[in-house]
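S.K.: Residue strings, one per chain:
Number of protein chains: 2
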Amino acid sequence: MVEEEYIYFFGDGRAEGARLGKPVLGGKGANLMQMALLGIPVPPGLVITTAACNYYNEHGEFPPGLEERLWQKLPEVERAVGMQFGGDRPLLVSVRSGAPVSMPGMMDTILNLGLNQKTIPGMIKATGNERFVRDSYRRFIQMFSNVVLGLDMEQFEHVLEKQKEAIGAENDTDLSADHLKNIAGEYRAIVKRETGRDFPEDARSQLRAAIEAVFRSWNNERAIYYRRLNGIPDDLGTAVTIQAMVFGNMGEDSGTGVAFTRNPSTGENKFYGEYLLNAQGEDVVAGIRTPHPIEDLKKQMPEIYTELDEIQKRLERHFGDMQDLEFTIQQKKLYLLQTRTGKRTGAAALRIAVEMVKAGLISEKKALMQVDPEAIPSMLAPVFVSQPKRDAIKEGRLLAKGLPAGPGAASGKIVFTSVEAMAHAGKDRVILVRQETSPEDIMGMEASQGVLTARGGMTSHAAVVARGMNKPCVVGCSVLRIDARARTMTVHSAGKTVEIREGEEISIDGSTGEVIRGSLPTESSEIDQALNGKLGRPSEMAENFKLLMQWADVARRLSVRANADTPRDARAARNFGAEGIGLCRTEHMFFDGDRLVIVRQMILADSEEERKAALDKLLPFQREDFIGIFTVMDGLPVTVRLLDPPLHEFLPQTRAQDEELAAHINLTPEEIKRRSVALKEDNPMLGHRGCRLGITFPDITRMQTRAVIEAALEVKKKGVIVLPEIMVPLVGHPKEFFLQKQVIDETAKAVIEEAGIEVDYLVGTMIEIPRAAVRADEIAQQAEFFSFGTNDLTQMTLAFSRDDSGSFLDDYLEQNIYEKSPFQTLDRDGVGELVKIAIQRGKKTRPEIKLGVCGEHGGDPQSIEFFHQVGLHYVSCSPFRVAVARLAAARTALKSG
Amino acid sequence: MVEEEYIYFFGDGRAEGARLGKPVLGGKGANLMQMALLGIPVPPGLVITTAACNYYNEHGEFPPGLEERLWQKLPEVERAVGMQFGGDRPLLVSVRSGAPVSMPGMMDTILNLGLNQKTIPGMIKATGNERFVRDSYRRFIQMFSNVVLGLDMEQFEHVLEKQKEAIGAENDTDLSADHLKNIAGEYRAIVKRETGRDFPEDARSQLRAAIEAVFRSWNNERAIYYRRLNGIPDDLGTAVTIQAMVFGNMGEDSGTGVAFTRNPSTGENKFYGEYLLNAQGEDVVAGIRTPHPIEDLKKQMPEIYTELDEIQKRLERHFGDMQDLEFTIQQKKLYLLQTRTGKRTGAAALRIAVEMVKAGLISEKKALMQVDPEAIPSMLAPVFVSQPKRDAIKEGRLLAKGLPAGPGAASGKIVFTSVEAMAHAGKDRVILVRQETSPEDIMGMEASQGVLTARGGMTSHAAVVARGMNKPCVVGCSVLRIDARARTMTVHSAGKTVEIREGEEISIDGSTGEVIRGSLPTESSEIDQALNGKLGRPSEMAENFKLLMQWADVARRLSVRANADTPRDARAARNFGAEGIGLCRTEHMFFDGDRLVIVRQMILADSEEERKAALDKLLPFQREDFIGIFTVMDGLPVTVRLLDPPLHEFLPQTRAQDEELAAHINLTPEEIKRRSVALKEDNPMLGHRGCRLGITFPDITRMQTRAVIEAALEVKKKGVIVLPEIMVPLVGHPKEFFLQKQVIDETAKAVIEEAGIEVDYLVGTMIEIPRAAVRADEIAQQAEFFSFGTNDLTQMTLAFSRDDSGSFLDDYLEQNIYEKSPFQTLDRDGVGELVKIAIQRGKKTRPEIKLGVCGEHGGDPQSIEFFHQVGLHYVSCSPFRVAVARLAAARTALKSG
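Quick mapping for you: the protein sequence lines, in order, are chains Z and A. With this note's numbering applied, the first sequence corresponds to residues 53 to 949, in that order. With this note's numbering applied, the second sequence corresponds to residues 53 to 949, in that order.
It cannot be assumed that every hint is accurate.
One copy or two, it doesn't matter: identical chains are merged, so the pair holds either way.
To be verified - List of simulated lysine-lysine pairs, BS3-like, C-alpha gap at most 27 Å:
1. K895 - K793
2. K787 - K888
3. K732 - K872
4. K233 - K548
5. K793 - K872
6. K586 - K947
7. K872 - K787
8. K787 - K902
9. K801 - K902
Honestly, the hints are just simulated from the structure, not real lab data. Source: prediction; values computed, not measured.
Work out the full structure: start from the sequences and follow the hints.
M.R.: Here it is, written out as structure tokens:
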């Protein structure tokens with residue numbers, strides 16, 4: 053048996069095992085190897101593979117032979133730089149983690165490893181700069197103690213501050229070599245005191261411990277949390293890159309910098325970055341000195357600039373994407389320390405992707421893979437008009453900055469409770485401000501223009517719900533002090549205390565996290581304006597967006613429809629590229645104005661005649677609704693779902709409403725109350741709703757079918773191409789569907805015969821109850837389509853009430869039981885399993901059955917990937933997520949080959 | 053191709069196609085053929101097969117060739133009796149339906165078919181009794197008009213009454229041949245008027261129409277309803293028996309009777325029956341004349357009696373079961389018209405089965421098949437002491453008789469609302485009297501000793517729920533006039549009006565349906581007393597019961613456990629033969645006395661410390677509970693389920709209760725209210741309960757585990773053999789189970805180490821969420837047993853809330869969507885499918901996994917059949933259904949071979 057190779061060398065234009073790529077070498081290691089192969093100057097080094105990490109974390113020790121191999125391979129690095137690790141001309145190394153997927157900040161880097169009492173003199177000799185060496189050593193102890201030994205930074209900082217105080221120094225740079233030597237001594241004393249052992253002097257011991265620390269860091273809390281947040285598997289492991297140190301602080305002919313091959317915030321195709329001369333990397337990041345823009349390097353070191361510019365172009369071309377580079381100049385020699393795909397804003401991603409295609413650098417497919425579908429909502433969301441916002445910030449009205457949890461901009465009066473928010477509904481624009489939100493706040497959130505919370509992260513209740521509602525939302529704004537009783541919000545910021553009372557106006561920008569005092573004008577996003585022909589000037593951004601969407605439409609196999617209940621929603625959906633309506637919820641129409649009284653009459657009816665009379669009055673309203681929607685959707689299919697929610701949802705909630713209703717219908721308020729109470733249910737989600745209503749009151753189904761078919765005939769006469777699909781909700785037993793289909797077909801036949809005009813329609817069902825999934829073969833005997841109602845299917849399959857699961861779901865995510873909320877991203881193992889069973893069984897009976905999804909998962913990229921894989925024909929989602937779904941569907945089609 | 057034979061002859065010791073049996077010939081036809089083969093005198097006849105019926109009901113016409121075949125075969129009957137159908141010496145026939153399974157009263161019989169103006173003279177000549185012939189003709193027209201032509205009986209009765217009035221006659225027998233002739237004329241006029249056609253004179257037309265009517269009757273409402281009630285498939289069809297008429301009313305040497313081979317009410321092995329001389333069968337049933345006991349026949353017609361007695365013995369021996377016979381004596385010749393398995397009381401079934409085994413007539417297996425498991429509860433339920441009850445009835449205190457819907461006897465004060473019932477709880481014994489019950493009455497039913505309703509049948513809400521609670525229940529007592537507002541119940545009975553006010557006492561006998569005024573003493577059933585050693589005399593019935601149960605225990609493969617939460621329940625379960633406890637619900641212990649305050653403290657705790665402090669106080673209580681149960685169940689396994697219900701179920705409901713609690717714990721009533729409200733859920737069934745409690749509050753799991761293991765160690769020290777099984781409820785995701793198991797194992801290990809004594813225990817889970825069923829393979833990696841919680845699994849799989857489904861379930865049963873309530877009998881196609889998936893996947897990982905069920909379906913015979921088929925190891929049910937389950941398990945094992 054050949055022993056597994058755990059360590060690979062790179063440098064000097066060589067790169068062993070480069071072909072193994074990121075899964076084995078980690079992102080950082082793999083890219084360094086790529087650069088080495090391209091002949092780009094990188095300091096030489098070794099990569100220890102992810103497999104070694106996994107072995108370590110499983111067995112608590114290095115794989116057999118790893119260490120021996122390390123001491124065999126390290127001399128290759130020594131030879132490449134002509135220095136010895138722990139020797140007189142000492143090789144210093146950096147030790148970094150590098151996971152197969154980017155996990156920024158997962159672990160701190162350790163620099164200058166290899167310094168000790170023995171190597172310091174050699175280092176001083178080599179650099180001729182004792183202060184630099186002493187400072188490097190001090191930093192190394194501090195970093196190592198923190199990262200490897202797990203000691204608190206504070207006591208080290210304290211020693212440093214004390215020393216500075218003692219000599220009246222303001223900056224670290226005021227400390228001399230001797231001062232730094234003393235500090236290092238004190239640092240070592242701390243380590244001895246805290247750990248009971250000496251600070252490791254031996255370079256090999258240092259390296260061994262650092263490698264172990266990197267391995268262990270894979271399972272630190274931060275890393276686990278990050279993986280959970282980003283859906284990264286736990287079994288990837290991290291590689292370790294051990295790289296020869298180069299120094300940017302060896303005089304004015306040295307320096308260090310970071311750069312992007314294009315502007316990461318706008319996407320402009322211009323080399324972009326910053327650098328400092330005579331500095332180490334952390335100085336650029338720490339912000340103590342102000343770095344120079346990269347253009348200045350052209351003047352300060354024109355040859356280096358030319359070399360760097362040539363390299364950045366080569367790297368972008370090689371990797372086919374915008375790169376984020378780190379470089380160091382050591383005594384006039386340029387080294388690239390790292391290259392990786394650069395993070396960018398959504399707008400930049402769009403521009404870069406499209407421009408790189410136009411420049412022939414990448415294919416359209418690759419462009420599609422470069423734009424995250426989740427970046428789209430922020431491109432389409434409304435924004436604050438830019439000048440007034442800039443003015444407000446200049447005037448000091450920026451109160452705080454939280455997490456940008458739901459894109460879009462909104463202004464409104466502050467309210468502190470959901471009840472208050474609902475009281476304003478339809479009158480004032482309000483922003484709901486809460487410590488954090490809970491399921492009871494959903495109605496209040498719905499009634500508000502935006503939501504602001506003091507606690508919670510990007511996946512908190514407020515964040516998830518607000519994104520679902522397409523509401524601007526800022527969360528985790530911890531500087532806010534909210535006093536809901538006193539109805540005030542206080543911000544301590546920049547030494548000032550600002551108190552804002554209920555009713556005062558604020559503005560929140562959910563794309564940036566900014567909270568601004570006072571009201572600000574908003575406008576539609578540039579793309580939205582352009583798509584609706586309201587921009588009045590050509591928009592490059594909108595053109596790029598349209599182009600990308602065209603490529604997506606070519607690439608994807610899944611059709612994308614929208615959930616829309618009104619002609620207005622239908623129009624929006626069509627503008628965003630929806631290819632039909634996958635879910636038209638008829639009940640939303642029932643809440644509108646005058647008809648609510650009739651709906652209530654229908655529900656409270658004591659006899660079939662009374663009920664029928666009310667339904668007859670509803671018919672023309674319903675027909676008008678459908679005429680409007682069919683007309684807008686000319687040529688595209690429209691799936692109309694029959695009445696779904698429990699009837700008591702339509703009934704009055706208060707005595708005053710009972711009395712108001714009593715004035716309209718022939719019942720006393722007491723009787724209304726009595727009948728309403730009789731309709732209340734302990735678990736309405738599992739109660740009298742969905743097709744159960746149609747089974748007990750078939751006249752409802754008759755009226756709705758008549759409205760659909762009459763509307764279809766009406767628009768057909770005007771030349772509209774109408775493709776109605778009638779959908780029966782909450783079917784569990786095949787007979788439920790058969791009985792409802794019979795009522796639908798009989799009614800439709802009658803209407804068609806009355807009119808003497810033919811119209812085609814489909815009848816299908818939602819699969820949203822586990823029983824329906826396992827009996828799908830029987831249901832498909834008569835059902836012409838299945839639409840997976842994954843919201844309800846999730847509730848039933850997991851026995852999680854969406855409204856109530858808040859009380860434990862956070863604990864579930866924290867304990868890693870679920871990676872993401874199953875209401876946000878489909879639970880493939882559970883709900884997905886039933887979806888697969890339903891598809892397989894349904895197709896057994898009706899191989900050509902049309903399959904779609906209309907739960908909110910239809911707009912979630914990860915879920916869309918699953919729906920693509922299992923072979924659905926379409927997804928349906930909110931209109932504002934149609935573009936997200938189009939792009940996600942394209943990407944998943946490309947990924948799967 | 054050979055054409056299918058649809059018609060078979062029997063008579064003269066011949067019986068064509070007898071081997072085809074009941075599925076083809078129907079029960080009646082098959083048994084007549086058996087008798088013919090045995091040489092027992094039966095009037096000859098034909099049987100038309102069930103296949104013909106199915107063809108007719110599918111195509112709306114007779115199968116091709118059927119009628120020709122009928123006219124070919126009928127002469128065989130003519131030859132056997134020497135008479136001609138429609139001829140001068142006319143053959144008259146009866147036409148009856150006969151389904152493969154008994155469906156009593158599904159269709160009325162038509163007698164005397166073949167009579168018409170042309171055959172009447174021949175018939176008069178043959179019988180020498182014109183009055184008899186005229187009366188037969190009149191009856192025939194009436195019967196035919198009603199059954200075949202679908203006319204209302206009333207107008208015929210009216211003609212008869214008018215005629216009787218006109219001549220001042222009191223009885224039908226006072227009418228002369230001429231009167232009857234006139235009546236027949238008027239009858240025919242009615243038919244002409246109502247149908248527009250003449251009454252069919254042609255005998256063949258009569259027969260054809262009668263056959264069609266029988267075929268159609270398969271799908272009449274009554275038949276469909278009966279099938280639904282009894283779970284009989286709709287596609288069996290009915291056979292038609294056409295049999296030569298014989299007459300018991302041809303003088304004093306003729307007669308007719310019905311008999312049982314044993315006493316159907318006590319089971320005593322004594323020929324039992326009644327007869328009338330010079331009468332037709334319907335006279336015996338109608339009760340106009342008082343029939344003689346069968347013994348009298350010994351004196352009146354000794355030879356006939358001897359023949360009949362010999363025949364009844366032969367029949368019982370042949371069929372191996374107690375028979376129910378119909379016979380006619382026509383001019384000293386005995387004919388058997390029918391034999392079938394006799395209906396009997398539960399007590400009689402038990403006695404007959406055991407005595408027939410002892411007599412060597414049947415095998416033990418057959419005996420087991422003769423006792424309906426559902427008859428057992430009434431044998432075990434308490435009864436009224438017999439003398440006082442007899443006295444009460446003699447005193448005229450019997451108020452009414454309803455349907456015996458829940459066996460057992462109870463007395464108590466009348467209450468008319470559930471609220472009132474609950475107010476009496478723990479103080480007075482009450483009987484809840486309602487028009488009908490609904491889910492809101494469940495708490496009230498629980499608080500009552502018995503339930504009485506004016507409406508509803510054997511499967512009404514009250515009936516089903518009361519049986520589930522093991523409460524005496526009488527339903528459908530329609531003579532009751534209930535005025536819940538006035539709080540009175542009025543009974544009009546035997547000309548008297550009795551008004552009973554709230555608080556007055558009544559007694560109900562749920563085994564007989566009797567409602568008696570005043571209180572009556574009750575006692576345990578004879579078997580129950582004997583099993584518990586309290587009878588003080590030998591009981592044959594109890595011995596028979598024990599014997600039958602022993603046979604059942606030998607035959608069955610399924611183990612039977614009980615659901616029991618207290619040592620008292622555990623003791624009862626053991627007495628009824630439970631082989632362990634399959635479900636010990638720890639929450640029931642939480643409601644007890646003092647500890648409820650601590651439980652509430654635990655729930656309302658604001659910090660982990662507070663919660664832990666309350667749990668520490670609960671620990672000794674829980675430990676004591678388990679010590680009691682383990683001690684009783686010495687040697688048998690006990691499955692303890694961790695806390696399951698939503699916490700708010702334990703909290704105070706009223707302001708007064710809030711205040712009471714506040715006095716005990718360190719919170720204000722307002723704060724208690726606030727925290728209670730915060731715990732309320734929209735859909736508690738899908739909320740924070742089950743293992744979700746253990747995930748969010750692992751200290752609860754720790755406390756409960758500690759209580760179980762400490763109790764186990766405690767009893768083990770005393771020599772008790774203890775087999776604890778800890779069960780995690782409501783698992784949906786494997787990780788939920790893994791995390792809880794880790795807490796359980798760690799806690800158990802600590803307790804065991806503290807004590808220094810070993811104890812074995814299992815850790816398993818409930819499968820009650822669809823997700824758990826589809827991920828059972830993963831769960832089984834660590835779960836040592838699965839217990840199917842079919843109550844919840846039904847709720848989730850069907851999305852039916854048990855508490856709310858009442859509002860539509862009746863409609864569902866009526867429309868035949870479900871045959872039975874899925875909460876009573878397992879929905880095999882839906883829930884059963886998931887059970888099968890879970891078993892298959894669970895066994896893939898852990899082939900030897902222990903499998904059981906602890907939902908209420910565990911005590912339902914039809915569901916037990918399914919559990920046997922899919923290979924569960926045990927069922928667990930209420931203690932009082934353990935014997936039901938033992939017998940049902942045996943029967944299903946025997947059936948499946």
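S.K.: Evaluate each hint against the coordinates.
M.R.: Now for the hints, and whether the structure bears them out:
Proximity of K895 and K793 under a CA criterion of 27 Å is satisfied intra-copy only: 19 Å inside one chain copy versus 40 Å between copies. For the homomeric pair K787 and K888, the shortest alpha-carbon distances inside one copy (22 Å) and between copies (22 Å) are both at most 27 Å. Only between protomers do K732 and K872 lie at most 27 Å apart by alpha-carbon distance; the minimum there is 25 Å, versus 33 Å within a single protomer. Taking the closest pair of Cα atoms, K233 and K548 never come within 27 Å of each other, the shortest separation being 42 Å inside a single copy and 115 Å across copies.
In this assembly of identical chains, the alpha carbons of K793 and K872 lie at most 27 Å apart only when taken from different copies (23 Å versus 37 Å within one copy). In this homomeric assembly, K586 and K947 never come within 27 Å of each other (Cα to Cα): the closest approach is 36 Å inside a single copy and 77 Å across copies. Taking identical chains as interchangeable, the C-alpha atoms of K872 and K787 lie at most 27 Å apart only when they sit on different chains, with a minimum of 14 Å there against 36 Å within one chain. Only within a single protomer do K787 and K902 lie at most 27 Å apart by alpha-carbon distance; the minimum there is 20 Å, versus 35 Å between protomers.
For the homomeric pair K801 and K902, the shortest alpha-carbon distance inside one copy (23 Å) is at most 27 Å, but the shortest distance between copies (55 Å) is not.
Taken one by one, the earlier hints fail for this structure at numbers 4 and 6, listed in ascending order.
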